[in-house]
Amino acid sequence: MKGSEAIIKSLKDQGVDIVFGYPGGVLLPLYDALYDSDLEHILVRHEQCAAHAADGYARASGKVGVCIGTSGPGATNLVTGIATAHMDSSPILAIAGQVGTALIGRDAFQEVDTLGLTMPITKHNFQAMQADEIAGMIKSAFYIASTGRQGPVAIDLPKDVQEQEFEYKADFQIDLPGYKPTRKGHPGQIKKASNLILKSKKPVILAGGGVILSESSDELLELSKLIKAPVTTTLMGKGSFPEDDPLSLGMLGMHGRKVANLVVDECDCLIVIGCRFSDRTTGKVDEFASNAKIIHIDVDPAEIGKNVDIDIPIVGDAKIVLTSLIKTIGKLKEGNPGSTKEWADYISDFKINCIPRLSFEDVPLKPQQVIKEIRDSIDYDAIVTTDVGQNQMWMAHYFTSKIPRTFLSSGGLGTMGFGFPAAMGAKVALPENDVVAVCGDGGFLMVCQDLATVREYDIPVVVCVLNNRYLGMVAQWQKLFYDERMSHTHLGEVPDFVKLAEAFGVRGERVEKPGEMKETLQSALKSGEPTLIDVIIDPDEILPMVPPGCGITEIIGEYKVEREVPGEIPYRAPHKEKEGE
Amino acid sequence: MDEQRTHVISALVLHKPGVLQRVAGLFTRRGFNIENITVGTSEQENMARMTIISKGDEKVLEQIIKQLNKLIDVVKVRDLDPENTVKRELCLIKIHATSEKKRSEVIQYANIFRGRIIDVGPETLTVEITGSPGKIEALIDLLRVFGIKQIARTGPTAISRGTLD
Ligand SMILES: Cc1ncc(C[n+]2csc(CCOP(=O)(O)OP(=O)(O)O)c2C)c(N)n1
Ligand SMILES: [Mg+2]
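One line per chain: the protein sequences are A and B, in this order.
In terms of our numbering, the first sequence opens at residue 24 and continues consecutively.
In terms of our numbering, the second sequence opens at residue 203 and continues consecutively.
Please keep in mind that the hints were generated in silico from the structure rather than gathered at the bench.
Keep in mind that a hint or two might mislead.
What the hints assert, rightly or not - Below, in silico cross-link-like pairs of lysine-lysine (DSSO-like), each with a Cα-Cα straight-line distance of 30 Å or less:
#1 K86/A - K268/B
#2 K329/A - K257/B
#3 K278/B - K214/A
#4 K251/A - K354/A
Unchecked claim - Beta-carbon label-pair distances, calculated as ranges:
#5 I375/A - L222/B: 19 to 29 Å
#6 R206/A - D321/B: 32 to 42 Å
#7 Q223/B - F132/A: 46 to 56 Å
#8 E260/B - E245/A: 30 to 40 Å
#9 G328/A - S306/B: 53 to 63 Å
#10 L222/B - H513/A: 44 to 54 Å
#11 E186/A - Q223/B: 24 to 34 Å
#12 E205/B - G353/A: 34 to 44 Å
#13 S334/B - K35/A: 39 to 49 Å
#14 K35/A - P219/B: 26 to 36 Å
#15 P96/A - D367/B: 42 to 52 Å
#16 D321/B - E186/A: 44 to 54 Å
No residue lacks a Cβ here, since even glycine has one placed at the ideal position from N, Cα and C.
Work out the full structure, taking the sequences as your base and the hints as a guide.
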């Protein structure tokens with residue numbers, strides 16, 4: 024067998040049926056082997072899109088996504104996508120071609136140190152120097168990518184190794200003596216956490232992306248009902264808890280819901296699950312949940328205490344830990360109704376008074392209205408992806424998600440250009456689900472060439488470009504913090520996105536008035552064709568936010584609420600009360 | 203909690219290309235202090251032992267150990283207890299010494315420090331000394347007056363006492 028055939032065989036042995044890639048000189052042997060194989064390959068139009076598509080595939084399906092790029096520029100183009108997956112713990116395998124082993128280190132044509140480049144942005148990486156190493160490496164790569172704290176793995180494949188003939192042995196062993204992820208939580212810690220939770224009067228749960236990765240949404244819901252604790256999520260945790268549930272607070276943090284930020288400030292026990300306490304979530308750490316004892320459940324021990332001091336850490340897989348936690352609390356709770364009813368009532372009063380307003384009749388359109396119409400047009404199992412910027416934060420803030428793996432966004436790296444190719448990957452993974460990408464006009468242009476891919480392979484995603492003629496999020500910061508000095512954030516002559524789509528043979532539509540979004544999106548989804556919808560929105564709309572370096576209660580900007588005459592928000596400002604004592 | 207302390211971290215790692223880069227890259231990227239690092243083979247086949255000297259408070263040390271443990275090629279990590287650890291360094295010192303008198307003085311100092319002369323040239327003597335970093339510093343200070351031409355130090359390596367792991 025040749026090395027290139029071993030790659031394909033090994034991928035198929037891992038259950039891979041489709042890969043996203045782009046060929047090149049050093050990948051000729053692999054692509055030659057692909058020619059005869061039944062492994063499906065989607066030719067993207069930029070390697071960054073291959074990586075994001077593999078990532079979107081992984082996030083939507085839970086399976087490892089695979090992307091391929093050639094040596095040198097192919098590998099460097101993959102880098103942004105790999106780093107994006109790394110920050111958000113998304114399991115992908117990136118295969119990069121490399122110059123022949125005899126040329127490595129000689130600055131050969133299209134040589135780059137892929138191993139060195141990807142070392143800090145992968146969970147692990149490998150370089151195959153012999154064809155007989157390939158099968159073991161790919162098996163190890165899948166194991167590493169998909170277990171413990173998930174993440175990307177890269178494999179560097181020199182050209183001659185792909186060509187090398189060798190005798191394939193099926194009984195190879197994988198040997199990773201330094202890799203033993205902890206799964207079960209420590210029973211003593213679980214007991215301690217249970218006691219603390221039962222003693223608390225004002226518990227809150229903060230769910231991160233780890234809940235989705237460990238598929239523990241059912242357990243999260245059960246815990247929340249059991250202890251009557253409201254649930255807020257991080258951006259990555261969106262979808263882990265039904266946001267229409269009375270106990271849902273929505274997203275927390277810099278662009279979080281007011282109710283979430285204020286309630287976390289007031290709680291006396293914060294149960295944090297699968298979350299890495301990003302600065303975008305916590306705001307100023309010294310002031311974060313400063314009235315609470317914090318329980319932190321995470322599969323990655325290095326996340327415990329990294330950014331925020333923890334009172335009770337529990338290292339383990341969220342699903343397993345939550346299951347034992349629920350059992351332990353259930354036992355301890357017998358005959359004890361608990362004392363959180365008052366808290367739950369307070370939260371529901373609180374929530375009613377700060378539900379953000381979504382309906383606006385304005386032209387140009389307000390993004391809230393657009394998002395409301397998107398929500399009304401699609402089922403809850405439809406997958407939405409976002410790009411990065413205001414479009415992302417509006418979606419995170421205003422869009423109601425209920426089901427895990429239906430809200431995909433680049434959280435950690437904040438990669439513009441993620442939304443569209445991730446949607447492409449998600450649609451390939453789950454062709455039965457509707458997939459809608461919500462992008463900014465800036466970010467979409469970074470990846471618009473892949474309209475050719477969705478046309479060529481008939482991948483019927485719908486891209487909604489929220490067209491505000493601005494690099495909106497940066498412009499927002501300039502307005503708020505840089506004296507409205509709008510340095511290089513106005514996009515000037517934006518292209519005609521409808522014509523752009525049509526040039527690629529993709530349906531193009533424009534939406535300008537309330538009501539049109541719903542109609543256009545529904546007919547786009549019904550058409551079964553890839554469609555771009557150019558949505559002309561108000562460039563001046565700003566999302567209230569917490570300025571960097573401030574505590575999460577210090578929200579600036581007008582927080583428009585749904586109620587015409589909102590009642591007094593019953594926030595009890597715990598810090599001030601304390602001072603008065 | 204915030205007290206800065208020097209830690210000796212002993213890590214058993216896979217003896218593979220790139221493992222030093224992984225460890226060194228981790229320290230740079232996360233802003234961990236690294237005063238010294240030594241690598242060599244260990245008692246186990248295919249494994250090397252790294253001894254890392256780093257300064258930081260308890261929180262930083264905890265992060266260093268956890269982050270090291272996350273590396274797939276790192277098999278085992280220990281923060282060695284300073285009370286129960288022996289730490290040794292090897293140092294080679296090349297001294298400019300032509301006169302008989304100077305040469306015999308250098309040899310005497312070397313003897314007192316249990317060092318050895320390992321090379322003699324027409325104009326130079328080379329001393330080999332092993333010991334704690336403090337002892338090596340002391341000898342270097344004494345030899346300075348003769349004119350040191352070159353120093354090569356390994357940096358300390360360390361092992362726990364007795365049956366401790
Ligand atoms: C690749 C990349 N470059 C730059 C940035 C910095 N950045 C964050 S948001 C933003 C503006 C995005 O503009 P647009 O895509 O139009 O979205 P909007 O905020 O207007 O919704 C920029 C430039 C980024 N996140 N990613
Ligand atoms: Mg924009």
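Per the hint of 24 to 34 Å, is the separation of the Cβ atoms of E186/A and Q223/B within bounds? holds, 28 Å
H513/A and L222/B - C-beta distance against the hinted 44 to 54 Å: holds, 48 Å
Are E205/B and G353/A spaced within 34 to 44 Å by their CB atoms? holds, 43 Å
For the range 44 to 54 Å, tell me whether the beta carbons of D321/B and E186/A fit it or not. Holds, at about 50 Å.
Taking 30 to 40 Å as the hint, is the beta-carbon distance of E260/B and E245/A inside that range? Holds, since E260/B and E245/A (Cβ atoms, about 37 Å apart) stay within the stated range.
Holds or violated: K329/A and K257/B, Cα atoms, limit 30 Å. Holds - the C-alpha atoms of K257/B and K329/A are around 17 Å apart, at most 30 Å.
Does the Cβ pair P96/A, D367/B satisfy 42 to 52 Å? Given about 48 Å between the Cβ atoms, the range holds.
Does K251/A pair with K354/A here, judged by a C-alpha cut-off of 30 Å? holds, 16 Å
Could you grab the alpha-carbon distance between K278/B and K214/A and see if it respects the 30 Å cut-off? Distance ~29 Å between K278/B and K214/A Cα, so the pair holds.
Could one say that the CB atoms of R206/A and D321/B fall in the range 32 to 42 Å? Given a distance of about 57 Å, which is not inside 32 to 42 Å, the answer is violated.
For the hint 19 to 29 Å, verify it against the beta carbon of I375/A and that of L222/B. Violated, since I375/A and L222/B (Cβ atoms, about 59 Å apart) do not stay within the stated range.
Determine whether the Cβ-Cβ distance between S334/B and K35/A falls within the hinted range of 39 to 49 Å. Given a distance of about 58 Å, which is not inside 39 to 49 Å, the answer is violated.
Of the numbered hints stated above, those contradicted by the structure are hints 5, 6, 7 and 13, listed in ascending order.
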